[in-house]
Amino acid sequence: MFELKNLSKYFGSVIANEDISLKINEGEILALLGENGSGKTTLMNMLAGLYFPDSGQIFHKGEEIVIKSPKDASDHGIGMIHQHFKLVDLLTAAENVILGLNKGFLLDREKIEQEIKEVADMYGFNIDPKKKVYNMTVSEKQTLEIVKVLYRGANLLILDEPTAVLTPQEAKQLFKALQRLKERGKAIVLITHKMNEVLEVSDNIAVLRKGRLVARIDTKDATELKLAELMVGEKVSLNIKRSKVKDPVLRLEIRNLSVKNLYGRTVLDDVSFDAYGGEILGIAGISGSGQKELLEAIAGLEHAQKGSEITYYHPKHNEVKLIGKSPLQIKRLGISLSFVPEDRLGMGLVGSMGMVDNVLLRTYDETPNFYKNRKRAKKIAKEIKDELAVSTPSEDTAVQTLSGGNVQKVLVGREIANNPIVFMTAYAVRGLDINTSYVIYDILNKQKEAGVAVIYVGEDLDVLLALSDKILVLSNGSISKPLDPKKVTKEEIGLLMTNQMVKES
Amino acid sequence: MFLSSAIDSYLRLDTFEKVLRAIAIVFIVVAIVCICVVGVIWLVNIIKAALKRRRENPKEKSTKTPLFRIVKNNELKFWQKLLIRIGIFLLGFVLYMIIISLITGASGGQILSTLFKGNFGSSISIWSLLRNTFLLFGVAVALVPVFKMRFWNIGAEGQILVGGLATFAIMKYLTPALHNMQFLLFIVMFLGGILAGMLWGVFPALFKAKFGTNETLFTLMMNYIAIQLVRYFCIKWEKIPGSGEVGIINNVFGSEYPRVGWISNNFLSGIFGNGNYVVLLLLVSVVALAMYVYMKYTKQGYEIKVVGGSVNTANYAAIDVQKVTIRTVLISSAICGFIGMLIVAGVDHSLSPNLAAGRGFTAITVTWLGNFNMVLMLIISAILTFFSAGAKRLASDISLNASMSDVLIGIIIFFILISEFFIRYRVKINLKKKEKEELVNASN
Numbered sequence: 002m003f004e005l006k007n008l009s010k011y012f013g014s015v016i017a018n019e020d021i022s023l024k025i026n027e028g029e030i031l032a033l034l035g036e037n038g039s040g041k042t043t044l045m046n047m048l049a050g051l052y053f054p055d056s057g058q059i060f061h062k063g064e065e066i067v068i069k070s071p072k073d074a075s076d077h078g079i080g081m082i083h084q085h086f087k088l089v090d091l092l093t094a095a096e097n098v099i100l101g102l103n104k105g106f107l108l109d110r111e112k113i114e115q116e117i118k119e120v121a122d123m124y125g126f127n128i129d130p131k132k133k134v135y136n137m138t139v140s141e142k143q144t145l146e147i148v149k150v151l152y153r154g155a156n157l158l159i160l161d162e163p164t165a166v167l168t169p170q171e172a173k174q175l176f177k178a179l180q181r182l183k184e185r186g187k188a189i190v191l192i193t194h195k196m197n198e199v200l201e202v203s204d205n206i207a208v209l210r211k212g213r214l215v216a217r218i219d220t221k222d223a224t225e226l227k228l229a230e231l232m233v234g235e236k237v238s239l240n241i242k243r244s245k246v247k248d249p250v251l252r253l254e255i256r257n258l259s260v261k262n263l264y265g266r267t268v269l270d271d272v273s274f275d276a277y278g279g280e281i282l283g284i285a286g287i288s289g290s291g292q293k294e295l296l297e298a299i300a301g302l303e304h305a306q307k308g309s310e311i312t313y314y315h316p317k318h319n320e321v322k323l324i325g326k327s328p329l330q331i332k333r334l335g336i337s338l339s340f341v342p343e344d345r346l347g348m349g350l351v352g353s354m355g356m357v358d359n360v361l362l363r364t365y366d367e368t369p370n371f372y373k374n375r376k377r378a379k380k381i382a383k384e385i386k387d388e389l390a391v392s393t394p395s396e397d398t399a400v401q402t403l404s405g406g407n408v409q410k411v412l413v414g415r416e417i418a419n420n421p422i423v424f425m426t427a428y429a430v431r432g433l434d435i436n437t438s439y440v441i442y443d444i445l446n447k448q449k450e451a452g453v454a455v456i457y458v459g460e461d462l463d464v465l466l467a468l469s470d471k472i473l474v475l476s477n478g479s480i481s482k483p484l485d486p487k488k489v490t491k492e493e494i495g496l497l498m499t500n501q502m503v504k505e506s
Numbered sequence: 006m007f008l009s010s011a012i013d014s015y016l017r018l019d020t021f022e023k024v025l026r027a028i029a030i031v032f033i034v035v036a037i038v039c040i041c042v043v044g045v046i047w048l049v050n051i052i053k054a055a056l057k058r059r060r061e062n063p064k065e066k067s068t069k070t071p072l073f074r075i076v077k078n079n080e081l082k083f084w085q086k087l088l089i090r091i092g093i094f095l096l097g098f099v100l101y102m103i104i105i106s107l108i109t110g111a112s113g114g115q116i117l118s119t120l121f122k123g124n125f126g127s128s129i130s131i132w133s134l135l136r137n138t139f140l141l142f143g144v145a146v147a148l149v150p151v152f153k154m155r156f157w158n159i160g161a162e163g164q165i166l167v168g169g170l171a172t173f174a175i176m177k178y179l180t181p182a183l184h185n186m187q188f189l190l191f192i193v194m195f196l197g198g199i200l201a202g203m204l205w206g207v208f209p210a211l212f213k214a215k216f217g218t219n220e221t222l223f224t225l226m227m228n229y230i231a232i233q234l235v236r237y238f239c240i241k242w243e244k245i246p247g248s249g250e251v252g253i254i255n256n257v258f259g260s261e262y263p264r265v266g267w268i269s270n271n272f273l274s275g276i277f278g279n280g281n282y283v284v285l286l287l288l289v290s291v292v293a294l295a296m297y298v299y300m301k302y303t304k305q306g307y308e309i310k311v312v313g314g315s316v317n318t319a320n321y322a323a324i325d326v327q328k329v330t331i332r333t334v335l336i337s338s339a340i341c342g343f344i345g346m347l348i349v350a351g352v353d354h355s356l357s358p359n360l361a362a363g364r365g366f367t368a369i370t371v372t373w374l375g376n377f378n379m380v381l382m383l384i385i386s387a388i389l390t391f392f393s394a395g396a397k398r399l400a401s402d403i404s405l406n407a408s409m410s411d412v413l414i415g416i417i418i419f420f421i422l423i424s425e426f427f428i429r430y431r432v433k434i435n436l437k438k439k440e441k442e443e444l445v446n447a448s449n
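Just so you know, the protein sequences line up as chains A and B, in that order. Just add 1 to wherever you are in the first sequence, counting from 1, and you've got this note's numbering. Just add 5 to wherever you are in the second sequence, counting from 1, and you've got this note's numbering.
Treat the hints as calculated values from the structure; they're not laboratory data. Glycine residues also receive a C-beta, built at the ideal position from the N, C-alpha and C atoms. You may find that some hints are simply not true.
Far from chain B, by Cβ distances over 10 angstroms, these chain A residues were calculated [unchecked claim]: (1) Leu-23; (2) Ile-25; (3) Pro-169; (4) Asp-222; (5) Lys-227; (6) Leu-239; (7) Gly-308; (8) Leu-346; (9) Val-351; (10) Met-354; (11) Thr-393.
Derived EDC-like pairs: lysine to aspartate or glutamate, alpha-carbon spacing no greater than 20 angstroms straight-line [as the list claims (entries may be wrong)]: (12) Lys-215/B <-> Glu-303/A; (13) Lys-310/B <-> Glu-388/A; (14) Lys-153/B <-> Glu-141/A; (15) Lys-471/A <-> Glu-450/A; (16) Lys-328/B <-> Asp-366/A; (17) Lys-301/B <-> Glu-396/A; (18) Lys-310/B <-> Asp-366/A; (19) Lys-310/B <-> Glu-396/A; (20) Lys-133/A <-> Glu-114/A; (21) Lys-195/A <-> Glu-225/A; (22) Lys-304/B <-> Glu-367/A; (23) Lys-326/A <-> Glu-250/B; (24) Lys-72/A <-> Glu-96/A; (25) Lys-310/B <-> Asp-344/A; (26) Lys-304/B <-> Asp-366/A; (27) Lys-112/A <-> Glu-96/A; (28) Lys-307/A <-> Asp-271/A; (29) Lys-328/B <-> Glu-303/A; (30) Lys-301/B <-> Glu-367/A.
With the rest of the complex left out, here is chain A (with noise of 0.2 angstroms):
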């Protein structure tokens, strides 16, 4: 139905996508699998209209066609559901839906509604067109983003990481969707880096490294380690080691931790486990069940109710009490937590330095001096660069122009160069390649051996149930008890991470 030839996108000097042709047909999921940055999304919005590709052509049914803004893409019929997605909250559904569609000065509400109640049903949809977006669950606002491009006459949907801000049941709802649109004619692009899904939903694979198409086959061809290597280039191996727990040393109690957001909302309820050095503790739940919050409240960055209790055992010393405690306090005391937040930049680096002066963050107030002293951070910057394979021009380059990859990279480099007691690490491997991914997994089990009591707050859940040694689920600001990831399954997980949700409605 479509076909791209020659595309090409470069942003400066950097490659984003080069000399891409492609064939899309009706009838056909196809999986466009590669890591992130290799041009997924890029290659995509050149259809949807938000790039205007540097060169090449695209075709539909033949006929050349130039897509230079999204309502161009909306006339032939493309549609594109973004990995954030772009709705107005305190519109209703069908609002939404309608927006921006120009159907003349007044709306007929009931006629509206009615039409994409009739478009939901066609394709198995439920959807309630008068409900507003921000009482929705991020599974309905997709199935809303859905139904928004078929209700505008779409003929091919593009998906951006559906899956990612789903449970592993609702993914499977999806994909049982893709199928009935599929089998109604629909042309699907499904953009992912997780291969299993790919292997279970889609019909062809395109396969994209570096910018460059480098495979198209057929799933019925393809196994995991395949795709793995087509992604990479090189061979890898996809097991994840878990050593043996060795002496575990109790580091971190935490009991009855209560926390509230700014407008009063309970986000931790009740929460109470302990963390042991020498063990990985791996945290699963959807995101925005109160990881964050949980993290940060340990790191003395979030203020408890009263009645929470957080107790840090130190190697030397006594114990100590966190809870109320402000970071600097709890760096005065000479308590090791290593945090890599899930905001790198907005959090745990500042994106306009280079790596020498976000080493210096943690270093620059060891001595009572007046001037800063950057010859430290250089040289830990320097080990960090040469041991993790940083890929940056110099350690001066402001970190926000470096890949994702490198950017976690060097923050997780400067936690280690802090030599922790607790490690903690909010989504370690979000957004990484697959070698990068295994590289922080590798540090993760290193810091385990060496005593290290590591919270491995993660989505992925065969990654948290392959490298845990016991796994904690939140659903809600729950905890639930401490599971030992080898009897549990990924299925009882996930209804535990739904488990609250299920109670309330």
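Chain B: place on chain A using the hints.
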């Protein structure tokens, strides 16, 4: 307004000149009209063609690629950037001259010579160019740490004013007691100036740090309080009842303590001689140098950059954001107060609500255009001062309306901004292959 002044100046010319000018004006008007007519015809044709295509082929979607595209550009060498800056600045300067010559009828050479006379015509005008440049630069330096911290202090004007007010009050009331110990008097003036400036800065800073109030509005409002306060004291201390002017303090003639507390003439006068502003320039240079070292080599400067980069990161790295905010604003407002003291004790020797002369606002432009680079900031201060002094001369010599010349300084600033755009981006012009071929054929 400028039209009337242009007509005025026109009527004053002799007959021959009048005829020449009239021919020139008619020529220009005809040229503009021609260009407009051609442009309109061209546009109409384009629209007609588009409509025609639409009619013949209603289903056809637009197939033209966008003509201009803006592309990021980050591989420029230092000299390329310099060349772009100078080139575009000159372009702006030429436009500036063209407009002035259109309004007043003066020739380019006349405008140039007037501008230079206004700035380099006498030793007094050279000194005043230097002095005003450094005063403006000093305020811009004061804004560097707060802007780096993303604290939008637009209250420099008020901080300068209260610094000046405090200095004047000290000169007025302590001169009799301390005229024999001028060094002590200078120390008290210095402290008074910076403390007053700090007082004007500390409230917005405290409220921002403790309650997260908007510092832009707060600092702006503080300016008006300062202006009214100075007005009040001007009337309270006025020399001639009803004039609202305090006159020159410790005047050379008719005063018991001639020139006591005057920086330029008494303080270190043995070294630098009378009548120049070397001390003032040196003091501002020292402040600028200290600020450079502070921002680049100290832990506190580093903390400022972290807070400006991301407050969340600063919290995460155990930096006391409240403390850094208050401390930094105090430093900034202290420097502003110090500049106020320099203006009163070193330049005006008087008090007026106009003593800051908009420097607190102009300095914002200087800091941003100079991109926090001390050398660039100094150059931009010099350019702006050059043009505003030149404008005064233009107003008197070739009767250019003074407000108009302020408008024209906007052109210069605008072109400096444009040069930043061209340093960061490149504009690509897209021609489709067919059109390219046509062009090639046409040229053959």
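Status of the hints after comparison with the structure:
1. Leu-23: 21 angstroms, holds
2. Ile-25: 19 angstroms, holds
3. Pro-169: Holds, since 31 angstroms exceeds 10 angstroms.
4. Asp-222: 38 angstroms, holds
5. Lys-227: Per Cβ check, Lys-227/A is outside 10 angstroms of chain B; nearest 37 angstroms; holds.
6. Leu-239: Holds, because the least Cβ-Cβ distance between Leu-239/A and chain B comes to about 33 angstroms, which exceeds 10 angstroms.
7. Gly-308: 24 angstroms, holds
8. Leu-346: It is violated; Leu-346/A is separated from chain B by about 8 angstroms at its closest Cβ, not greater than 10 angstroms.
9. Val-351: Given that some Cβ of chain B is not farther than 10 angstroms from that of Val-351/A, nearest at about 3 angstroms, it is violated.
10. Met-354: Incorrect as stated: the minimum Cβ-Cβ distance to chain B is 6 angstroms, not above 10 angstroms.
11. Thr-393: 15 angstroms, holds
12. Lys-215/B <-> Glu-303/A: Holds: Lys-215/B and Glu-303/A sit about 17 angstroms apart, inside 20 angstroms.
13. Lys-310/B <-> Glu-388/A: Violated - the C-alpha atoms of Glu-388/A and Lys-310/B are around 28 angstroms apart, more than 20 angstroms.
14. Lys-153/B <-> Glu-141/A: 43 angstroms, violated
15. Lys-471/A <-> Glu-450/A: Given that 20 angstroms is the threshold and the Cα spacing comes to 15 angstroms, the pair holds.
16. Lys-328/B <-> Asp-366/A: Holds, because 15 angstroms separates the two Cα atoms, which is no more than 20 angstroms.
17. Lys-301/B <-> Glu-396/A: 17 angstroms, holds
18. Lys-310/B <-> Asp-366/A: Cα-Cα ~15 angstroms, so holds.
19. Lys-310/B <-> Glu-396/A: 18 angstroms, holds
20. Lys-133/A <-> Glu-114/A: Roughly 13 angstroms between the alpha carbons, so the hint for Lys-133/A and Glu-114/A holds.
21. Lys-195/A <-> Glu-225/A: 10 angstroms, holds
22. Lys-304/B <-> Glu-367/A: Holds. Lys-304/B to Glu-367/A sits at ~11 angstroms (cutoff 20 angstroms).
23. Lys-326/A <-> Glu-250/B: Violated, at roughly 57 angstroms.
24. Lys-72/A <-> Glu-96/A: 18 angstroms, holds
25. Lys-310/B <-> Asp-344/A: 19 angstroms, holds
26. Lys-304/B <-> Asp-366/A: 8 angstroms, holds
27. Lys-112/A <-> Glu-96/A: 12 angstroms, holds
28. Lys-307/A <-> Asp-271/A: This hinted pair holds, its Cα atoms lying about 11 angstroms apart.
29. Lys-328/B <-> Glu-303/A: 19 angstroms, holds
30. Lys-301/B <-> Glu-367/A: 18 angstroms, holds
This entry does not satisfy hints 8, 9, 10, 13, 14 and 23, going by the numbered hints stated previously.
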